[in-house]
Each structure stands twice: as structure tokens, then as C-alpha cells.
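There are 2 protein chains.
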Amino acid sequence: MSREGFFTIISIGNALMTGRTLNSNSQWLCKRITDLGGSVRRIVCIGDHLQTIVETLREEMDRAPSAIVTTGGLGPTFDDMTLEAVARTLGVELQLHPDAERMVRRRYQMIFEGKEFQMTAERLKMATIPKGARPLENPVGTAPGVLIETKATAIICLPGVPDEMKAIFEGSVEPFIKGYIGDLRFAELNLEVFDIMESTLAPVIREAVSKIPQVYVKSHPLG
Amino acid sequence: MSREGFFTIISIGNALMTGRTLNSNSQWLCKRITDLGGSVRRIVCIGDHLQTIVETLREEMDRAPSAIVTTGGLGPTFDDMTLEAVARTLGVELQLHPDAERMVRRRYQMIFEGKEFQMTAERLKMATIPKGARPLENPVGTAPGVLIETKATAIICLPGVPDEMKAIFEGSVEPFIKGYIGDLRFAELNLEVFDIMESTLAPVIREAVSKIPQVYVKSHPLG
Numbered sequence: 001m002s003r004e005g006f007f008t009i010i011s012i013g014n015a016l017m018t019g020r021t022l023n024s025n026s027q028w029l030c031k032r033i034t035d036l037g038g039s040v041r042r043i044v045c046i047g048d049h050l051q052t053i054v055e056t057l058r059e060e061m062d063r064a065p066s067a068i069v070t071t072g073g074l075g076p077t078f079d080d081m082t083l084e085a086v087a088r089t090l091g092v093e094l095q096l097h098p099d100a101e102r103m104v105r106r107r108y109q110m111i112f113e114g115k116e117f118q119m120t121a122e123r124l125k126m127a128t129i130p131k132g133a134r135p136l137e138n139p140v141g142t143a144p145g146v147l148i149e150t151k152a153t154a155i156i157c158l159p160g161v162p163d164e165m166k167a168i169f170e171g172s173v174e175p176f177i178k179g180y181i182g183d184l185r186f187a188e189l190n191l192e193v194f195d196i197m198e199s200t201l202a203p204v205i206r207e208a209v210s211k212i213p214q215v216y217v218k219s220h221p222l223g
Numbered sequence: 001m002s003r004e005g006f007f008t009i010i011s012i013g014n015a016l017m018t019g020r021t022l023n024s025n026s027q028w029l030c031k032r033i034t035d036l037g038g039s040v041r042r043i044v045c046i047g048d049h050l051q052t053i054v055e056t057l058r059e060e061m062d063r064a065p066s067a068i069v070t071t072g073g074l075g076p077t078f079d080d081m082t083l084e085a086v087a088r089t090l091g092v093e094l095q096l097h098p099d100a101e102r103m104v105r106r107r108y109q110m111i112f113e114g115k116e117f118q119m120t121a122e123r124l125k126m127a128t129i130p131k132g133a134r135p136l137e138n139p140v141g142t143a144p145g146v147l148i149e150t151k152a153t154a155i156i157c158l159p160g161v162p163d164e165m166k167a168i169f170e171g172s173v174e175p176f177i178k179g180y181i182g183d184l185r186f187a188e189l190n191l192e193v194f195d196i197m198e199s200t201l202a203p204v205i206r207e208a209v210s211k212i213p214q215v216y217v218k219s220h221p222l223g
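Protein sequences, first through last, are from chains A and B. In this text, residue positions in the first sequence follow our numbering: the first is 1, and each later residue adds one. In this text, residue positions in the second sequence follow our numbering: the first is 1, and each later residue adds one.
Please keep in mind that the hints were generated in silico from the structure rather than gathered at the bench. A quick note: this is a predicted structure, and the numbers were derived from the prediction, not measured. For each residue, glycine too, the CB sits at the ideal point set by N, CA and C. Keep in mind that a hint or two might mislead.
[Claimed, not checked] The calculated label-pair distances, taken between Cβ atoms and stated as ranges, are: (1) 220(B) - 109(A): 21 to 27 Å; (2) 179(A) - 190(B): 39 to 45 Å; (3) 14(B) - 182(A): 20 to 26 Å.
Let the sequences and hints guide you as you build the complete structure.
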């Protein structure tokens, strides 16, 4: 991961493309990454289609961001294919990871409350991750997150279920990002101005921006 | 515009990248396009940066979707640069469009309630659109939408303010899309099943999908 702190989010899921699901995950991630001093430059949303995910990962890796954060496609069903796509993109095998298997097993032990259960193919799938990847503990769901460091870009795969995505990000991803970016902060100041139209304010802002180019000034019309 | 009905959305705005704004526009557009029988294949969100918008438009045009719908960047301020980016991408000039100027002027006449006002550079900017483009009436705001038909792909530029985006889509874009796609419909059926985990249901769904590959089946765990 480079120290520049430039991030790409890839949101994966057919439900995003039909409008069934609102992509609140990417807004939450943008806020958190911005607060950590990082900068999200691109968000790409695509459906559950293996070849599309592989192509998108390749294209976004070519831009060499510090990290790519994916959401969605880590679950047990046939159309959860994010990890297979990551493995293909990096040219590595998928393999059952002992720590990941332990994490998944522990969650099902809690769900079944001590009763017997099978580690079915679908459950083992969630512990089968690209070679060289590290599983990230999911404290509120079954599918672990996954972190893979490549030369330029770290690939961080999180579940699409918001509570699980947030818990893994806060528990495992934030410390990782802070370790690279260091102790940066995002500062923002809001000025409320009344009874003026955006088009009237525009030349004033343009002049301010030309005088202080380091500061980003943006008007948000409310009425 | 091709009849395949495959769409790309490009959401433009720094506020999306910092997480200040939730991208509810793209969900709304996905729902509407899906209902019209179209299919949104990609959503790309980027900041207000001219070169980034131009590169993204080029990359997405290379995929030859039926249409690219952009939201944001049509307003009067210095960082509203969608139309300049579209003009550069297509290699055409920006020019003041008489119908667009009439639309903008009419809105300011309503806002100023008959009092005198200036068509400032910032206000004329909203009527300055790529050569060959058609302005789309904005019944609830000042910046018109813009439609440009290229050989493979129609480019449709809508404002980022949700009410304006929706009004232009319903008034001008829906009829345009229907004219191409024809009278298709999206059909969806929800089955609620209780007391079963997604990982237990997964092999059943896999079998169903292999028997009826034309139908897309997806489980959405609720607990």
C-alpha cells in the first residue's frame, strides 16, 4: 500500500444495479476514509458477474490506488464470487485458510448454540480465500473479510451486509490504513449564507479559490 | 442509441466522494431504468475534476452502452464541468443554445417575479452546451438537462439535485428510452422462507438455477 492514501471502492451486487438496494455502504466508507485522511477517487458498482468483476479489478488496479475496498460477494451462495475474481485477477489459487475456517466454524457454533452442524461446501467456501490473503475477523456475521497486499495496492474485501462491513472495517481495516497513512485529519468548515442564489455567489467563490488554491470551496444550494 | 438497453451511470461530485452526499440518485435511476426494461451494468462515481470526467466518459463510451446517464456538474459554479467534459470527450465546441438560454431565462423570470435581473456569465453557462446537443426542460430548477446522440451511445446529462434530476428524467428521458427499448417490463417475484440459513438454502438455489438458467434467483438474508 502506498502512502498517498488514494482509494477506490468497488461495490458488487445485482441488487445495487436494479435499485433494490441503496448503496449506503460506499457513503459510509467514503466518510470513514476521508476522516482518516485518505481520499476516495472512484466508486465503481457492478453486478454479480465473474468476468465483469475480474475486468473491473484489473482496470482499477492499473490506476494503482493505495487500496481497493470491495463490498459484497463474500457469502455462501453461487453468486458470491468476489474472492474467486480476486484470485483470478492476481493469478493465485483459492485455498481453505485455517484461520478463516476457525472463524467461520466459531460463528456457526454460536448460531447453533452447541448443537451439531455440518461445515458444508457453502460454509467452507467463506473460508476459502486467495493464496497470500489474510482473513479479517467478522464479529457480527459468518463471512470473514479478506486483506491481500500487492506491490502497489492493498485489496480489502468486505461483506455487503452493512453491519458486518462496518464491524470488520472498524476492527481490522482502520488500524491497517492508519498504519500507512499516519495521523492525518480531514478538516471542514461550513458557512451558511442566506438570501443569495448560487449563480450570484459563484463569482465570489471563484475569486476566493483563485487566491487560496489549497482550500476546496463548494457551494451547496438548499433552496 | 442501440436497442440492447444496457446503461451506464456516471455520478459526478466531490460531495459523493467525501461521503457528504448519499448517492440516492443512482438508486432511483437504476429502479426506473430496470422498470423500463433496461439494464444498468455499471455505476461510476467520480469527483469534480475535468480530466477525470473526460477519461471516465471515454472509458465508458468504449464499452458502447446504449446510453450513459450522468448526474451532477450542470450548475453555475466553477466546479460544474460536466458539459465541458462531454464536449472535450466528443471533440465538439461548447456553444450557447438558444432554446437552453430561453429555458434558463424563463426560470430566472419566475425566481425574480418579473423584477429585473442579469443573465450573468454564470447563468449563461447553464445554457452553453456541446454542439449537436439538445437541452431538456428542467421544470423545477434552472439548469436544463442535455441529450447528445452519438453513433453507439446516447449521453444524457442530468443535474445532481434529486428533484431536478427526477423531473427531467420523467419528462424527457423516459419517453426517449421507451422509444428505443420498446414496451418491455421487468418482472420480479419475492418468496419469503423462514427458519433457514442462507448457507443451507444455497444448494437448493444452485439446483434451481441450473434447471432454469433464464431466471435470476437470489437469496437476501434478513437475520
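For each hint, the structure was consulted:
1. 220(B) - 109(A): 21 to 27 Å: 25 Å, holds
2. 179(A) - 190(B): 39 to 45 Å: Hint holds: Cβ distance 44 Å, inside 39 to 45 Å.
3. 14(B) - 182(A): 20 to 26 Å: Since residue 14(B) and residue 182(A) have Cβ atoms about 23 Å apart, the given range 20 to 26 Å holds.
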